[in-house]
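The residues making up each chain are set out below.
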Amino acid sequence: ETGVTQTPRHLVMGMTNKKSLKCEQHLGHNAMYWYKQSAKKPLELMFVYNFKEQTENNSVPSRFSPECPNSSHLFLHLHTLQPEDSALYLCASSQDHSGTTWETQYFGPGTRLLVL
Amino acid sequence: AQKVTQAQTEISVVEKEDVTLDCVYETRDTTYYLFWYKQPPSGELVFLIRRNSFDEQNEISGRYSWNFQKSTSSFNFTITASQVVDSAVYFCALSEPSNAGNMLTFGGGTRLMVKP
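Quick mapping for you: the protein sequence lines, in order, are chains A and B. Here the numbering used here is used: position 105 in the first sequence is 105, and no number is missing along the way. Here the numbering used here is used: position 25 in the second sequence is 25, and no number is missing along the way.
Only chain A is shown next, with the shape it has when bound in the complex:
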């Protein structure tokens, strides 16, 4: 596997379900990101992890819970979601996320989530 992979690619869940999205990067990067892409809205940054530490939480509701066990893996745990949470969830990685340098973010294919 190369680049950034995400599983599952498609997910349908009820509002009472609990599910998790998985992201894995094979680029040797240290920073990982979750984005949400809804119809007719710009891409929204949700969370940032740098060297496994969460550095940004962009006012995301607590029904979304990220986990970063190591620099290569990132999870997004979902519970009691709402229909308006239906969107494409994109994972990205970059070399790092320090305040003095900026590295290009490379994206995975996304998980298309439908909440019924």
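FYI, nobody ran anything at the bench for these hints, they're computed from the structure. From the three backbone atoms N, C-alpha and C, an ideal C-beta is built for every residue, glycine too.
Cut-off 30 Å, straight-line C-alpha distance, at most; resulting in silico cross-link-like pairs (DSSO-like, lysine-lysine):
#, chain 1, residue 1, chain 2, residue 2
1, B, 3, A, 41
2, B, 3, A, 36
3, A, 18, A, 52
4, A, 22, A, 52
5, B, 38, A, 19
6, A, 41, B, 38
7, A, 22, A, 40
Chain B is faced by these chain A residues, among others (derived, beta-carbon under 7 Å):
#, residue
8, 42
9, 104
10, 109
11, 110
Computed Cβ-Cβ distance ranges for the label pairs, DEER-style:
#, chain 1, residue 1, chain 2, residue 2, range
12, B, 67, A, 17, 39 to 49 Å
13, B, 41, A, 14, 23 to 33 Å
14, B, 70, A, 96, 21 to 31 Å
Using the hints provided, position chain B relative to the given structure of chain A.
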């Protein structure tokens, strides 16, 4: 206030036509980075180019070219002799080091449809 504006929400051209996608940005920083990404129907955002604010040289890569004009705060993207495979949504993005963690701010995207 929107920091990255892609005024063209949808463009339709016939194969072999040239097409320019507009991007206008706002920033108070003197150092910043601009990006273009391509999102084909599969969903993955594909990195195309990164340009820093001190480098105003235009860039050409095959059929792709980018025109960076600081005076008008624009970073336009031209595809020469478009092909059907160029059909995708194209995003312009801005990174400002003064923002916490050098976040990417995306424009709303331009959907390009290239017809045979």
